[in-house]
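Enquirer: Chains as they are written, first to last, in the working numbering: chain A, 364 to 605; chain B, 175 to 478; chain C, 11 to 335.
Simulated from the structure, these hints should not be mistaken for lab results.
A few of these clues could be false.
A short, non-exhaustive set of chain B residues, derived as facing chain C with CB atoms under 7 Å [what the hints assert, rightly or not]: (1) Leu292; (2) Tyr452; (3) Phe458; (4) Leu465; (5) Pro469.
Rough simulated footprint, nothing fancy, chain B against chain C, three-plus residues with beta-carbon under 8 Å [as the list claims (entries may be wrong)]: (6) 40-53; (7) 122-135; (8) 162-171; (9) 293-303.
The beta carbon of each residue, even a glycine, is placed where N, CA and C say it ideally should be.
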Amino acid sequence: MPEALLDITAVTAGYVPDLPILREVSLLAHEGKLTVIIGPNGAGKSTLIKAVAGLLNVDTGRICFEGRDVTGLSPDQLTRNGIAYVPQTDNVFRTMTIQQNLELALSAHRDPLDRVTVLFDRFPVLKDKRREKAGSLSGGQRQFLAVAMALAVEPRLILMDEPSAGLSPKASEEVLDHVKGLTQRGVSVLLVEQNVKQALKRGDHCYVLAEGRNQIDGPAQDLLEDPALGRIYLGGERRGAA
Amino acid sequence: MIQHLVDGILVGSFLSLGAIGLTMVMHILRFANFSHAELLSIGAYCALVFDKLFESLSPFLAAKIGPLSMTAALALSILVSMALTGLSAVVIDRLVFRRVREKGGELSMVFASFGMSLVIRNVIGLIFGLSSELYSRDIAFAMVISRDPLLLVKPDQVFVLIAALLIMFALYLVLSRTRFGFALRAIAENPNLAQVHGVNLKRMIVAVWLIGGSLGAIAGVFYGLSYQITPVMGRDLVLPIFAATIVGGIGSVYGAVLGGFIVGVASNLALVILPSGYSPSVPFLMILLVLLIRPNGLFGEARA
Amino acid sequence: MIGVVSYLVFFTTVAAILGIAVMGLNLQWGNTGLFNGGVVASFGAGAYATLMLGGPPQDGHVGGFGLVYPLALAGGMLAAGILAWIVGKLTLRLRHDYLAIATFGVAVAFENVMRNATTITGGAQGIRGFERPLRAMLGDGFTYNVVFLVGVLVTLVLVYVFLERLTVSPFGRMLRAIREDETAARSLGKAPDRIRLISFVTGSVIIGLAGGLYGTFYAFVSPQDVLPILTFQIWAMLIVGGAGNTKGALAGAFIIWGAWTFSGWALSRFAPIEAQLYTGSIQFVLIGLVIVGMLLWRPQGLFPERLVVSQPGQNREKTQAEGFT
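I would like the entire structure built from these sequences, with the hints used as guidance.
Expert: Given below as structure tokens:
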């Protein structure tokens with residue numbers, strides 16, 4: 364097995380000291396793959412992804428990216444290191460226009476003007492509305508803008524927190540298809556989803572969290588049929604708790 | 175009446191400069207900084223020290239510039255004072271505010287700034303004495319702008335107004351045209367998202383303190399040029415500056431500029447109907463009025 | 011010996027009066043999380059209104075209604091409450107720092123008006139000639155002061171019991187809920203703004219009561235009694251005692267008032283004559299350092315409230331996730 368792109372080892376983290384939300388969670392994400400994290404409400408999925416994005420202090424454990432220890436780096440340093448993050452809500456600057464949002468996301472890029480053109484070609488919807496305030500976009504369009512902003516600096520890994528939340532079934536399929544499409548272009552994705560079926564259908568490998576701990580993991584397709592999954596969601600017995 | 179208006183505009187010019195820094199801090203760090211006006215005192219005294227120093231170094235520097243009571247020495251001192259006051263703001267943040275911030279609680283920050291204002295103000299009093307100081311003991315003659323109605327303006331005041339407007343325009347260009355300006359807006363709207371998109375939060379906070387401190391220093395010197403420098407000038411200025419930010423809308427730099435002029439003019443015009451003893455109460459009345467009519471100020475957005 | 015006892019009576023009276031004010035502030039800050047930057051306005055409103063309502067008619071100013079003392083004191087509390095209600099009504103639904111700024115402004119304006127509205131407040135001269143209650147019976151001497159101290163201590167105990175009852179009542183639990191998680195409290199159908207307003211006004215009425223007693227004790231009040239430093243002192247008392255803890259707040263009142271009086275005495279006794287002018291400045295720096303130092307190194311106070319973390323784990327994550335802005 365090749366070395367993992369992202370290697371999370373026994374991470375314990377939380378928002379306030381002595382009150383960990385995550386307890387020794389470990390996870391591997393491989394290059395070019397769509398790695399999915401699922402789990403019931405309050406499992407710590409968003410917390411895990413925020414810890415990787417540098418928005419949360421990691422109490423113990425280690426996060427390695429491309430073989431380098433990136434634990435404790437600030438969000439902007441992580442962005443420069445090739446990890447992008449798309450938050451679940453408030454993921455665009457509402458008071459700025461779409462063009463301004465992209466330019467801001469590009470401020471670390473060598474050739475921002477060129478890159479804006481590339482992004483507009485890939486997201487024609489955004490190009491048409493580039494002078495409009497991001498706050499006026501529909502839910503689906505806003506997700507696309509958020510994804511475009513994350514892609515701006517050509518990251519090697521994108522962390523996504525429930526991109527389908529609050530979208531219509533059609534829009535959420537569209538967004539998830541796009542996420543899948545990213546991995547085919549060589550960008551690896553770590554995806555948190557509530558929409559279990561849709562996510563597992565597209566994912567490569569899947570981790571299930573509950574109560575802040577690893578439960579089970581395996582190829583996404585296999586998990587879709589695993590009866591253990593239902594038990595975890597229904598709060599039944601656990602397997603493989605760390 | 176017109177004299178009050180003119181005086182008000184002149185007062186507004188340094189209130190605006192003070193309010194810009196305060197509103198930025200309140201927007202980015204999300205707390206009402208009761209010690210912001212003390213930065214004006216630090217700036218004023220800092221310039222006083224260097225003014226004396228430069229004048230003693232070279233008689234050439236002690237010469238007045240044109241009709242102003244200002245000297246080349248004072249002009250240089252303003253620059254030094256801007257840098258040092260900005261630096262003091264950063265140091266105070268390091269020593270106090272950042273540590274309180276890391277423990278959490280926006281209200282603890284308000285509280286800390288409340289205590290810091292008392293400390294700074296009285297330490298200045300202990301160092302420089304309680305009596306007031308002037309940059310120049312010479313009497314600056316007022317220019318008669320018009321005789322009917324009689325309108326008097328000192329050259330210094332005209333200089334202060336023009337300089338303040340130029341500085342504000344420069345700041346406007348920086349905030350609206352540069353990458354730094356966008357990053358600042360982004361941090362204010364959504365600090366986490368801005369960081370995720372490569373904005374260095376710590377560096378931006380330092381930048382905000384530097385801007386707030388250096389603008390505060392200019393405001394302090396301009397106040398000193400117009401009146402006198404005293405250790406309690408921060409105490410007298412804190413409420414008018416807060417009023418300017420609230421009138422303009424907390425977080426809005428343009429609002430702070432306009433708010434400063436509005437508060438300055440209103441405080442002076444109020445003297446037409448109120449006895450002059452009541453002028454310290456006018457900023458508070460303006461705050462009440464704004465809260466009644468337009469709680470988020472002229473340019474502010476509602477934010478919890 | 012009688013001198014020492016008499017001084018102790020005097021000291022305890024003032025400290026206990028300030029202790030009552032600290033308890034009022036504790037209700038606002040410790041129990042509700044409201045920053046009152048103008049404690050002195052409530053205190054002053056209580057003092058001024060009490061003396062104006064209860065004092066004898068005087069030449070040259072309005073006021074001096076000669077009301078019986080309990081009515082005058084109640085009037086003082088009412089005045090403090092009305093002032094707080096106006097400010098609270100305007101600011102409590104807004105961003106938290108509006109309250110801080112507005113209350114600070116009230117205090118500035120209050121002192122300013124007291125100093126200038128000579129026909130009502132006596133201006134810089136203040137209000138004199140107040141007849142203290144029961145003076146005809148007890149005279150002006152030591153006996154009076156002891157009886158007055160007993161009265162103050164009884165009031166203090168009554169306020170204490172009232173506040174302790176309040177914190178364990180459903181209302182107190184609501185306060186705590188709002189302080190810990192406003193969004194959750196709101197979703198449970200509580201009206202946080204109204205509850206905070208009630209708490210703010212109640213706290214100010216208690217501070218006004220303290221002000222009324224203070225004015226009564228000296229039978230005199232002037233703008234010198236409503237300077238901003240009093241706000242800082244009362245805050246320092248609260249933070250030393252530990253916000254949210256009524257007993258701690260009382261202890262803080264005695265500690266800070268003791269330290270204040272002692273430092274003033276020590277400076278006037280031992281400091282060189284040319285430094286005497288700066289006694290105030292040095293004391294003010296110390297008060298400021300107490301506030302900042304406590305926040306930095308011991309924010310829970312010397313006598314912290316026993317904290318019970320109500321809902322660890324998952325709920326925390328939920329609120330934090332919503333707060334991602």
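Enquirer: Determine for every hint whether it applies to the structure shown.
Expert: Hint by hint, here is what the structure shows:
1. Look at leucine 292/B: its Cβ gets to within about 3 Å of chain C, closer than 7 Å, so that hint holds up.
2. The restraint placing tyrosine 452/B at the interface with chain C holds, with a minimum CB-CB distance near 6 Å, inside the 7 Å limit.
3. A distance limit of 7 Å between C-beta atoms decides the matter here; for phenylalanine 458/B the minimum to chain C is near 4 Å, and the interface restraint holds.
4. Interface hint at leucine 465/B: satisfied, since its Cβ lies 4 Å from the closest Cβ of chain C, which is below the 7 Å cut-off.
5. Using the Cβ-Cβ criterion of 7 Å, the hint placing proline 469/B at the interface with chain C is satisfied: the shortest such distance is roughly 6 Å.
6. With 3 residues having a beta carbon nearer than 8 Å to a beta carbon of chain B, the segment 40-53 of chain C meets the requirement of three or more and the stated coverage holds.
7. For a cut-off of 8 Å, the count of residues in the segment 122-135 of chain C with a CB near a CB of chain B stands at 4, and the three-residue condition holds.
8. Counting residues of the segment 162-171 of chain C whose CB lies closer than 8 Å to any CB of chain B gives 0, which falls below the minimum of 3, so the coverage claim is violated.
9. With 8 residues having a beta carbon nearer than 8 Å to a beta carbon of chain B, the segment 293-303 of chain C meets the requirement of three or more and the stated coverage holds.
Comparing the model with each earlier hint shows a violation of hint 8 alone; every other hint is respected.
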